[in-house]
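Colleague: Please take these sequences and the hints and turn them into a complete structure.
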Amino acid sequence: MNNLVGTHSDGNMGMTSGVNTVPFKTRVRPYLIVAPALLITIGIMIPFAMAIYFSLTAYTFRIPNSTFVGFRNWTRMFENPQFWNAMSVTLKYAFWSTTVEMLLGLGIAMLLSNLKSRFSRIMRVALIFPLMVAPVVGTIIWQLMLRSSVGIIDKMLNVIGIYEAQWGASHQTAMMTVVMIDVWINCPFVIILILAGLQSLPKSPFESAKIDGGSAWFNFRNLMLPMLKPCILIALLFRLMAALQEFSIIFALTKGGPGDTLMSLSVTAYTQGYMYQKFASALPLILILWVLVNIAANIIVKAWRKAQYQAAGKEMEEAVPKHGRKGAKQAVREGE
Amino acid sequence: MTARKRLVAILQNGGLAIYAIFALFPLLWMFILTFKSDAEMLTTTFVFTPTLINYEQVFFYSDYLRYIRDSFIVSTGAVLISVLAGVPAAYAFARYSFKKKETIAFQILSFKFAPEILVVLPLYMLYRQMGIYDTYLGLIWVYQLISMPLIIWVVRGYFEDISVEIEHAAQVDGYPWWQIFLKVLLPLIKPGLVSSALLCFIFAWNSFTFPLLLAGIKVEPITVAATKYLAQSTVHYGQMAVAATCSALPSIIFAVVIQKHLVRGLSFGAVKG
Amino acid sequence: MAKIELINVTKRFGKVTALKNVSLEIHDKEFFVLFGPAGAGKTTILNNIAGIQIPEEGVIKINGEIVNQVDPAHRNVAMVFENYALYPNKTVYDNIASPLRSPMYKKDEGYIKNAVMKAATLMKIDMLLERLPSQLSNGQRQRVALGRALVRDPNVFLLDEPLAHLDAKLRNLMRGELKEMQHNFATTSIYVTHDFMEAMSLADRIAIIDKGEIIQVGVSDEIYYMPKNQFVAQLMGDPEINLLACELVQDDRGFTCVWEEAPYHPFRLPEEPELFKRFKALEDNKVHLGVRPQNTHYHFEPVDGSIEGTVYSFETIGNKSVLTAQIGNSHVRTIAPNGLPVKLDQPIFVTVDIARVILFNGVTKEYIGRYDEADVMKLVEEQKSESSKEAGENHG
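If you read the protein sequences in the order shown, they are chains F, E and U.
Letter 108 of the first sequence, counting from 1, is numbered 255 in the working numbering, and no numbers are missing.
Letter 209 of the second sequence, counting from 1, is numbered 216 in the working numbering, and no numbers are missing.
Letter 54 of the third sequence, counting from 1, is numbered 68 in the working numbering, and no numbers are missing.
It should be emphasised that the hints constitute simulated quantities derived from the structure, not laboratory data.
Straight line, CA to CA, 27 Å or less: simulated DSS-like cross-link-like pairs of lysine-lysine: (1) F:Lys-376 with E:Lys-119; (2) F:Lys-449 with E:Lys-107; (3) E:Lys-119 with E:Lys-106; (4) E:Lys-279 with F:Lys-453; (5) E:Lys-108 with F:Lys-449; (6) F:Lys-350 with F:Lys-453; (7) E:Lys-107 with F:Lys-453; (8) E:Lys-106 with F:Lys-453; (9) F:Lys-453 with U:Lys-29; (10) E:Lys-108 with U:Lys-29; (11) U:Lys-104 with E:Lys-190; (12) E:Lys-235 with F:Lys-402; (13) E:Lys-12 with F:Lys-350; (14) U:Lys-291 with U:Lys-379; (15) E:Lys-267 with U:Lys-104; (16) U:Lys-29 with F:Lys-172; (17) U:Lys-193 with U:Lys-138; (18) U:Lys-183 with U:Lys-132; (19) E:Lys-279 with F:Lys-449; (20) E:Lys-108 with E:Lys-119; (21) U:Lys-127 with U:Lys-138; (22) U:Lys-392 with U:Lys-291.
In this text, all values refer to a predicted model and were calculated from it rather than measured experimentally.
Modeller: Written as C-alpha cells, this is what we have:
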C-alpha cells in the first residue's frame, strides 16, 4: 500500500472545499506539540549566529569592543602558522583514530558474531564499558596507567627493557597516545553497531552461497560487506564527526602539549578564546572546523542513503538464488 | 577438518581475549588501585594489603559528594526537560505530516553534531550577560543540545514501530488524541523510553566541555572536578582511582540495564538493534 | 441505527487516487458488503466513514448530516480492523471494555461487566478474559476485536475483512454466527471482503469496487446473474466463469454464436426478442459468451452438440472438483464429482447450456443480456423486499 497511511492528517494538503479541509485545530496541533522542543533547542542555537557575527569583530572579554573589522580576523588566521598546525593535528587525529576504530571494530564484531562461546556472549556486554566511561575519566585512568611512577604499563615495559616511556609528554608519542585512548573509549561503539548490523543480515543469501562453494573471503567481500555498508557508514559518520572536534581527551591528557603537537582546532580555539580571551580570533577556527564537519557529514550521509537503497535491492536479488553469485557469473558467460 | 576448525576457534578466541584485556584491564586495574594506600602505591603492583582509606578520604573528607550532587542535579534536570518536551515532539514527528517536518527534524538532529567548542564559546558570553553562567539552569539548558535530539529521534522510532491502527481503534472507541497518547502509546513504548532517558543521562553525566566553560565554582560536575585532582601537587593516586571508579559506575550500570536498546539509542535510531 | 451516504467522494494519498468519485447509499439496518480485489479501496472507504481519514472531495453523511469535519470519536461508529488492532498491553476484558471507558461512551463498571460478559459469551471467548492478545490465536484475536465492537450501540458496524485470517472451518462457522448476530442487533453494517462466498451469503446488497471506483451495486442475485461487465462476472463465481470469445452471425433463422476455438460448431442462440433487439443494436459483432462452470458439462463420448478437447487439469476443491478442458488455446472449466477417473490429455467432450449463458459485448466487455432475464428480475425484486422486511421499515 502507500506509506502515508501511517500518519494522521494524511492527504488533504490541497484543501479543496470548505467541508473537506482538515479542521484548524488538527492542523495546528503538530506545530504546538513540537514547539517546546523547538524553542529550547533553537534558543541555544543563537550562539551560532553570534559566533559568526563576533568572528567579524574585534571582541575580547576585557575590551568588549564589537567594532566591525571585516575579514581581518579571518585573514590573520589563514596567515597564522598556528592555524595550519591546528588543521594538520585535527586531520591527523581524526584520520588515525577513525581508521583504527573502524578496522578494529569490524574485526572484533566479526569475531563476536562468529563465536558462540560463553566467553563471547559475556564480552558482548562487557565490551561496552569503556564507551560508558566519560572520556575525561578514561583519559585519567590511562594517564595513571602510563605514568612512570605508579603506572602498571610502565612497569611491564620495564620488564622488556623500556624505561621512562614518555607517552603523552613526548613529541613523537603524544599523538599515538591520544589516538590509543580514543580507540579505547570509542571502538566499542563501532563494535556494537556493526554487530547489530551483522545480526540483522538475512541468512538465506549466505546459506545459498555456502552451497555454491566460494571462499570465505569472497563471500565476505561481495556479499557481506555490501549489505553491511549502511551500518558501517553510520558508524563512520558518528566517529569521524566526533573525532574531528574531540576536545576532552586531548585537554585532559596534555592540554594540547607538548608544545603544539596536539593543538587541534578545538583545543586551539579554547586556548585562544577562553584562556587568552582573544575571543574573536578563536571563532574563525571553530567555524572552519564546523565547515569541515559539515562537508564530511554530507558526503557520508549521501553514501549512506545510496548504500541503504542498494542493500535493500540486493536482499531482493539474493532472496531468489538460482545459481548463487559464482554460478550466475558462469551462467552469463555460458549464455554469451 | 575438525582440527583446523579448532585451530581457527582458538585463534579467534585468542584475538578476542587480547582485545578484552585491552578494553577491560584498565578498568579492573583502576578498581584495584582504589584499595591501595598511598604508602604502598609506588612500591607494590598486585600484591598489597587492601584498605578502605581512599574511600574514606574521598567521601568524607573532600568535596567529592558535592560534585556527585552537582552532576546528578544537572543530569537529571537535563533528562527531565528533554523527556517532557521531546517525547511529545517525537510523537508529532512520527504520526503527523506537516510542512517542513523533516527539515525541522534534521535541524534538531544537527545540533548533536555541532562541535561543542563552537557552541560553548559564544554561549559563555551570552550566559554571563544573562546571569546564568555557573548555574544549574544554564547547564541544564545547554545539555539539551545533546539530550533533546537523542530523545526525539530515538523515541520517534519507537512510536513509528507501533501500528497506527491501534490509534485508529482508540479514536473509534471514543478517546481524544491526548488520552490516546498518554494511555495507549506511552505504556507501549515504556521500555524504549526508559532506555533513551537513561542513555541521555549517561551522555549528560559524561559531558565535559560544557561544564568546563559554562560553570566554574558554584556548579561543578565530577568530570570537571576530576581534572582538578590531576593538577594537584601531590597526587593521591588511590583517591583519584576512587573518584574515577565512582563516576564511571552509574554509567556502566545503566548501560547493562539498557543493553537491548543501546545500539538504537547510540545511533540515534539509524540502526535498529 | 443510521443511514450512511457517500456523495462523490474522492480520496487521494499524494499522487495516488484511492477513491474516484465514489457514491454509495447504505440503508438503515442494512448488511452492506464491499467486495473487490486487493487494493481496490475498500478499507479506504471504511476509514473515511469512520472519520479516520477525510476525503479531498465529496461529502459523507450519517443520518443525513454531513460528518466530514466530525472526528471519529463523535461519529459513533464501531470498527473491526483487518489486523485486529487490539491493545497489546491490555487483557481481553480490558480490550473489550475499552470503548465503554472512553470519555465519549462512558458507562459505570457494573454496566461494563455485564456488557463485556455478554459480548464475550456471544463470541465464545468468555474463558479467555484474563489473557493478553499475545497469548491468543488469530481466531481468538479476531473474536476479541468483534467483541470490542459489539459492546457498543453504534450508528454503524464497520468490518474490515474480519474473517480473513481464519482457517476455512472457523470461517464457515463465523459466517453463520455473523449473519445471526446481524439479525439480532439490527444495526447497519458495512462489511469488507474479497471472499465471494462470504459476500453472497451475508449481504443484503453488494457493492463491487475496483481501483477506487464503484462498478456495480445490487442484491447478490442481481450481481451474480446480471453482472454489469465481465470483470464483475469473473469476480463473482467460484470456479471462475468461462468466457468464450465469439462472433455473432446473423442468418435468416436468427443468430448464431461462432466461438473462435470451435468455428465448425456454432452455438444456435434461441429466439428471444428483447435479446435479439440488443444484438441488432450492437456496433460490432464481437461477443463474449459467459457460461458458468455449473452450466457446462463434460462427456467421455461425443454427444450431440459437444465440442472436443483434452483434459488439461482436474482439481479437487472441497466437496466437488473442477475439470478444465483445453479446447484450442482456451480453457473451459466445468464441475465434476470427486474421484472421477480421468487422465490428463485424455479426450473430453464439452457441452454448454445455451439457455443459461450471459452475453457480453466483446469490445466494451459490458453486459448485453441473458435468457431468463425477466425471471431473474423477479427473483431480485423478491430478494430486495425480503431484506427490507427484515430491516423492518419501508423505504422510499
